[in-house]
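Trainee: Build the full structure now, drawing on both the sequences and the hints.
Protein chains in written order, with my numbering: chain A, 1 to 386; chain B, 1001 to 1260; chain C, 2001 to 2411.
Derived from the structure by calculation, the hints contain no laboratory data.
Each hint should be verified, as a subset may be incorrect.
[What the hints assert, rightly or not] Calculated lysine-lysine pairs in the DSSO-like style (CA-CA distance at most 30 Å, straight line):
{"no.": "1", "chain 1": "C", "residue 1": "K2165", "chain 2": "C", "residue 2": "K2403"}
{"no.": "2", "chain 1": "C", "residue 1": "K2204", "chain 2": "A", "residue 2": "K300"}
{"no.": "3", "chain 1": "C", "residue 1": "K2104", "chain 2": "B", "residue 2": "K1149"}
{"no.": "4", "chain 1": "B", "residue 1": "K1149", "chain 2": "C", "residue 2": "K2228"}
{"no.": "5", "chain 1": "C", "residue 1": "K2203", "chain 2": "C", "residue 2": "K2168"}
{"no.": "6", "chain 1": "C", "residue 1": "K2204", "chain 2": "C", "residue 2": "K2228"}
{"no.": "7", "chain 1": "C", "residue 1": "K2203", "chain 2": "B", "residue 2": "K1149"}
{"no.": "8", "chain 1": "B", "residue 1": "K1114", "chain 2": "C", "residue 2": "K2203"}
{"no.": "9", "chain 1": "C", "residue 1": "K2364", "chain 2": "B", "residue 2": "K1114"}
{"no.": "10", "chain 1": "C", "residue 1": "K2104", "chain 2": "A", "residue 2": "K300"}
{"no.": "11", "chain 1": "C", "residue 1": "K2240", "chain 2": "A", "residue 2": "K167"}
{"no.": "12", "chain 1": "C", "residue 1": "K2168", "chain 2": "C", "residue 2": "K2046"}
{"no.": "13", "chain 1": "B", "residue 1": "K1242", "chain 2": "C", "residue 2": "K2228"}
{"no.": "14", "chain 1": "A", "residue 1": "K300", "chain 2": "C", "residue 2": "K2125"}
{"no.": "15", "chain 1": "B", "residue 1": "K1114", "chain 2": "B", "residue 2": "K1015"}
{"no.": "16", "chain 1": "C", "residue 1": "K2204", "chain 2": "C", "residue 2": "K2006"}
{"no.": "17", "chain 1": "A", "residue 1": "K185", "chain 2": "A", "residue 2": "K40"}
[What the hints assert, rightly or not] Per the computed footprint, the stretches of chain B lying under chain C, defined by three or more beta-carbons under 8 Å from a beta-carbon of chain C, are:
{"no.": "18", "stretch": "1081-1092"}
{"no.": "19", "stretch": "1185-1191"}
Don't be surprised by glycine CBs; every beta carbon is placed ideally from N, CA and C.
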Amino acid sequence: MTRKSYEGVAVAVPVTVPYVRYSIRAAHWWLAKALGELIKESNLKKDDIDGLSVSSFTLAPDTAVGLTQHLGLSPRWLDHVPYGGASGVVALRRAARAVQAGDAEVVACVAGDTNHVDSFRLTLANFSQFARDAVYPYGAGGPNASFAFLTAYYMRAYGATREDFGKLCVAQRANALNYPQALFKKPLTMDEYLAARPIADPLHLFDCVMPCAGAEAFLVLSEARAIHLKIPFVKVLGTIERHNAFPADPVQMRAGWALDKDDLYAQAGVGPEDMDFVQTYDDYPVISLMQLEDLGFCGKGEGPAFVRRHSFTHDGSFPLNTSGGQLSVGQAGAAGGYLGMVEAIRQLTGQAASRQVEDAKRGVASGFGMINYDRGIASGAAILGC
Amino acid sequence: MNALLNFTKSLTAGKIRVIDLTHTLSPEFPHISLPPEMGQAWPFRIEEVSHYDERGPAWYWNNFSCGEHTGTHFDAPVHWVSGKDLPNNAVDSIPPENFIGPACVIDCSEEAAKNPDFLLNKKHLLNFEKRYGRIPPRAWVLMRTDWSKRADDPIAYQNYDETGQHTPGPDTDAVKFLVEERDILGFGTESIGTDAGQAYHLRPPYPCHYFMHGAGRYGLQCLTNLDRLPATGAVVIAAPLKIRNGSGSPLRVLALMEIS
Amino acid sequence: MLERPKRKNPVLRTRLPTLPPAARSRVALGLTAAAALGRFELQQCKDCGAVQYPPREACHSCLSTKLIWQNQSGTGELVAATVLHHSNDLFFRERLPWRLGYVKLDSGPMVVVHLHHLIKSSPAKVTVRAMLDRAGQAVLVARPEKETPNMADDRQLREFTCDPKFRKIFVTDGKTNLGQALVRSFVNAGADLIWVGHSEPWKKFAGFDELQKVSQVTLLPLDLTDSKNVREVAAEIGGKVDIVVNNAECHRAFGIGNRLGVETARAEMDVNYFGLLRLAQELGPAMRSRGADGQSSAVAWVNILSIYAHANFPPHGTFSASKAAAHSLAQCLRAEMRPAGVRVVNVFPGPVDDEWNQLLPPPKLAPAALAAAVVKALQDGVEDVYPGDVAQEWLARWRDNPKALERELSA
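Mentor: See the structure below:
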C-alpha cells in the first residue's frame, strides 16, 4: 500500500524565541512567546488556532492539556510530543495529517524549554527509568558518556578522526556567524577545536551541545489558508518516523533512517541527490555522520571520507545545518528538535538572509532523540520543498 | 538524751572524726565474677536521664543499676543457704540496732602484702586480744589488708591467675571462733568477698559466708580506709538499703572515732 | 599499586561526604538485593530465556512478565571506553577523571560499567560484577578477565569496596578466638592499625600475650554494657577508626523454659543489642564525619550477628532474640550511616565452633573461617554476609520458606 501524500498541506511561519544560556522563567513563558510570535507573524487571531502540538521537557508537572488553560486556548486538536530531538518531525507529520483530515485547520507546533542553573542536572537525573537505573549512577555525565562510547566505537570501526568531527563543528560555527540568534558568536578554528578541554574521551568541549533556554515554532495549515493569509509556505514531500530501530545492534551505528529511507524518498519522489541542504540533529557531531550515511548521502562507514570531500557551509559543496546547528546555536531542550525544521522552512521560503542557500528548492530535516538508556530511541526525517 | 547531745556536740567540736569506709560506686569498680554459665550480679551501671537538656531542661539525674552485692556492700544472712531459714535474715528485717557496733580492726596488711592468699586464723585473733583486749560481743571485726589501695587497678584488685582469684580472708577456725566464742555482729574485708579468693578449696567452701550467715551474722566487703582506724575504739555504722527480702545492698559505711 | 597514604595533617579541613546518585526504580533494586550478597544477577525471561538489562517489568523479546533474577557469569567484551572529565554530580566531580566502559555481556545485554584502570582499551575481555556503591545501590563494575595481585588497589574500585588495606580497624572483643582470628586476618589484609577491646581486663584470656606482640595492635579495656566506658573509648579513637567490627557478644544456650528469670536474657540483650546501640551512638557520629576522608576514609561498620537473627533457634532462644533485635537495629544504623557512605555489613554465621555451641553437632564454622569471610566481604564490598556452607544453606532455606525453617529449627 502506497502512503498517502501530504498534498494540500502548508508549513509556514518559522519562529525562534531568542535563546539565552539561563532563564529564570518557566517553560510556559517560552512556549507563550513562541505562540505569540506565530500569531503576530501570520496575522491570525488567537482563536483561529484550533490545533496545538507541544514539546517540552521542563513543562512538568504540566502537559499540553494544562498549557491550554494557562494560555487561554480552546483547541479542538491537541498533541503532546515529548520526543526530544525527534519532536519537530513527529509534530509536523501528525499536524499535517490532522489538517489534511480536517480535524484542525491551523495547528501551532511549538517546542521550548527553560534552563535554570540546575535544570540540566535534574533533567538528566530523571530522564528515564533506564537512565536513572543504569546510566546516571555511572558518573552522571549525561548523554556525554553515551555519545563518548558511540563516538569511540565509530572512530575505531570506520577510521574517523577528531579532525573529521572538527570539520563539521568549524563549518557549522561559520554558518552560525550568519545567524543572529546563535549563542556562539565567535569563529571557531580547527586548532581551537582540537585544543578544547576533554569532557568524556574522545569528546571535547566543542563536540558537546550547550544547554540553554529558548523556543521554536511553526504553523501547519492548508495551502488554501496560507495563500489566503498571504504567508510564504513550504510543502511536505515525505516523512518517516521510527522508534527503537535495530535493537539487536550492540552499539548504535545506525537508526530508523536506515530502515525507512527508501520509503522517505519514494514518498517524496526525489532522491538524496536532489537535496539542496540537509539539517541533521547534531547534539554531537558523530550523530550527524550517522544521519548522512543512513539518509543515503554516502554509504555506511563512508562518513569520514564524505566529510573530507565536502565543505558544509551554507555556500559550500554540501550545505549542512545552515543556522549553525545546536552545536553553535545552543540546545534549548525540546526546541533542539525543531531547530533544523525551522531553519529548513526559512531556507525554502527565502528567509535565511545572509546564510541563504542559493536557489534552495528541497531540503531534508531529520530528528533524533531520547537517549533512554544507551542509544537514541526516536528518529525521523522530513523532506520539505517549495 | 545527754549521751546523744554530747555526741553531736563532740561531732561539731571536731572531737569525733567520721571516717568513710566506702568506695565510690562507678562502672569501672571491680565486680564479682562467677563462672559464665551461672547467674551474674550486675555490675554498677549508670545512664543519664537528663542533663539540663531537651530530656529535662532544668535538671540533671541518672538511672543506675547494680546487683545487691556491688561495690562496698552488706551481706545479710539470707544471702547464704546456711542462713536461709533464720528469722530477720534479710536487709529489711534485720533489727536496725544491729547496723551499729564497735569495731575491732585486725591489721593483716603486712601478711597480705607478702601473701595474697593469706588466711587469718584463730592464733592471729588471740594475739590481737593479747594486745588490745578481748573482742567485745556485737562487734564488727574488720580485717585490714590494705587491699583497698589496689582499687584503682582492677587487675591487681581482682588478682586473678589461671587458678582463679587470690585475695586474703579468714580460715574456718577463725570464723567459728568469732561467731561461737566472741558473738560478733559481722565480719568485714577490703577485698571482694568476706572469704578468701581461694576459699572454694576450704572446708566447707567459703567458711565465712557459711558460718557467719548460718549464725545470723553479717558481712561487709570492699571496705576502704581501714588503715585510718584504731585497732579498737571506733564505732561502725553500716545500714543497708531496705530492700524487701534483700540479700544485701551497696551502702555507705561510716566509722566514728574519738580524737583524744 | 596503592601507596600507603601520607599521615593526615590534622589541622586541614576534612572533606564532607557526598554520595553517588541513589535513585532507582523498584525493579532495579533486584540488582542491589543480589549485589548486597556479592552476587551478579540479571533478570532472565522464564518463557523465552532472554536476559534483560536494564531491569524491567516485561521481557523485551516476548513480553512475558515472568522475569526471574538469575546469577550471571559476568563475562563479556568491552566495546567502548571513556574517561569522564566532567560530571553533573558532586560525588563524581570530586573524583574525576572517572573511567567508564560499555560492555557486551556474553549473555546478551549491553551494560554501562565503571571500568577498572587495568583494562587499557577496547576491545578487551572483561568480567562484570555488581557491587554496591557508596550510596548502597548496585552498580556494575568491569574488571580484567584474569585476577592479578593488587587489583583491589584500583582507585575507583576502592570507592565500591571497604578494603582494610591501609585502614584503621576497631575489633570490639579480642578475648574470643574469633576476635583474635579477626586481628590476624586484618594484619594479613594490610590493616594499618588495629584497636582491640577486651572486657573485664582482670581476667587474663588465652591469646592475650600473642595479641600484645602484634605491632599493629593496641588493646583497650572495653565493656559494651558500660556507657561511660564506650563513650570514653569512642572519644579516644573515634576520630580515626575506618572500620568497626563489633564482634562482642553474650551467648548463653538457653530458651525460655530451661532458664529461670530474665537475667541471662537481659545480659545477652545488654551486650548484643544495647551494646550495639551504645557503640553506634558514641562512634557513629565521628565515623559519619569521615566518610570522605581521602584514600583511607571511614568505610564500614561490621556487625557479627547470627543466622538465628532470621529465625529463632529455640535451644538458644534468648540469644536468637537478641541477635534479631541487633539485626533490626543494624538496619537502622545502615540507614543512618548511608548519607556518609559508610557501609553497614551484617554477618550472619551459622553456629560458630566456640564454647557456647559446644553441644551442637558439626559442621560448625571455625572462627578463622568467619574472620576470613569478614575480611573478604569488606574487600568485595558485600553488605550481607552468610559465611560458609552452613550459613549459605540456612539462607537458601530461609528464603525458600521461612515457615518451614521455623518448624525445622524447633524440631
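Trainee: With reference to the structure, classify each hint as holding or not holding.
Mentor: Comparing the hints with the structure gives:
1. The hinted pair formed by K2165/C and K2403/C fails the criterion: a straight-line CA distance of about 41 Å is larger than 30 Å.
2. Using a Cα cut-off of 30 Å, the hinted pair K2204/C and K300/A is violated, with the two alpha carbons roughly 79 Å apart.
3. Taking the CA atoms of K2104/C and K1149/B, the gap is about 74 Å. The hint is violated against a cut of 30 Å.
4. Between K1149/B and K2228/C the alpha-carbon distance is near 23 Å, which keeps this suggested pair within the 30 Å criterion.
5. The straight-line distance between the Cα atoms of K2203/C and K2168/C is roughly 27 Å, inside the 30 Å bound, and the hint therefore holds.
6. A threshold of 30 Å between alpha carbons decides the hint, and for K2204/C with K2228/C the separation of about 22 Å falls inside it, so the pair holds.
7. Taking the CA atoms of K2203/C and K1149/B, the gap is about 19 Å. The hint holds against a cut of 30 Å.
8. Distance restraint check for K1114/B and K2203/C: the Cα-Cα separation of roughly 22 Å lies within the 30 Å cut-off, and the hinted pair is therefore satisfied.
9. Taken as a hint, the K2364/C and K1114/B pair is broken in the structure, with Cα atoms around 47 Å apart against an allowance of 30 Å.
10. Taken as a hint, the K2104/C and K300/A pair is honoured in the structure, with Cα atoms around 22 Å apart against an allowance of 30 Å.
11. Between the alpha carbons of K2240/C and K167/A the distance comes to roughly 55 Å, so the proposed pair goes past 30 Å and is violated.
12. Taken as a hint, the K2168/C and K2046/C pair is broken in the structure, with Cα atoms around 47 Å apart against an allowance of 30 Å.
13. With a C-alpha separation of about 28 Å, the suggested pairing of K1242/B with K2228/C holds against the 30 Å cut-off.
14. Among the hinted pairs, K300/A with K2125/C is consistent with the structure: their alpha-carbon atoms are about 27 Å apart, no more than 30 Å.
15. For the given pair, K1114/B sits about 36 Å from K1015/B by alpha-carbon distance, which is inconsistent with the 30 Å threshold.
16. Taking the CA atoms of K2204/C and K2006/C, the gap is near 36 Å; set against the 30 Å cutoff, the hint is violated.
17. A C-alpha spacing of about 28 Å is found between K185/A and K40/A, which places the hinted pair at or below 30 Å, so the restraint holds.
18. As drawn, the stretch 1081-1092 of chain B meets chain C at 0 residues by the rule of a beta-carbon pair under 8 Å; below three, the given contact is violated.
19. Restraint check on the stretch 1185-1191 of chain B versus chain C: 0 residues with Cβ-Cβ distances below 8 Å, three needed, restraint violated.
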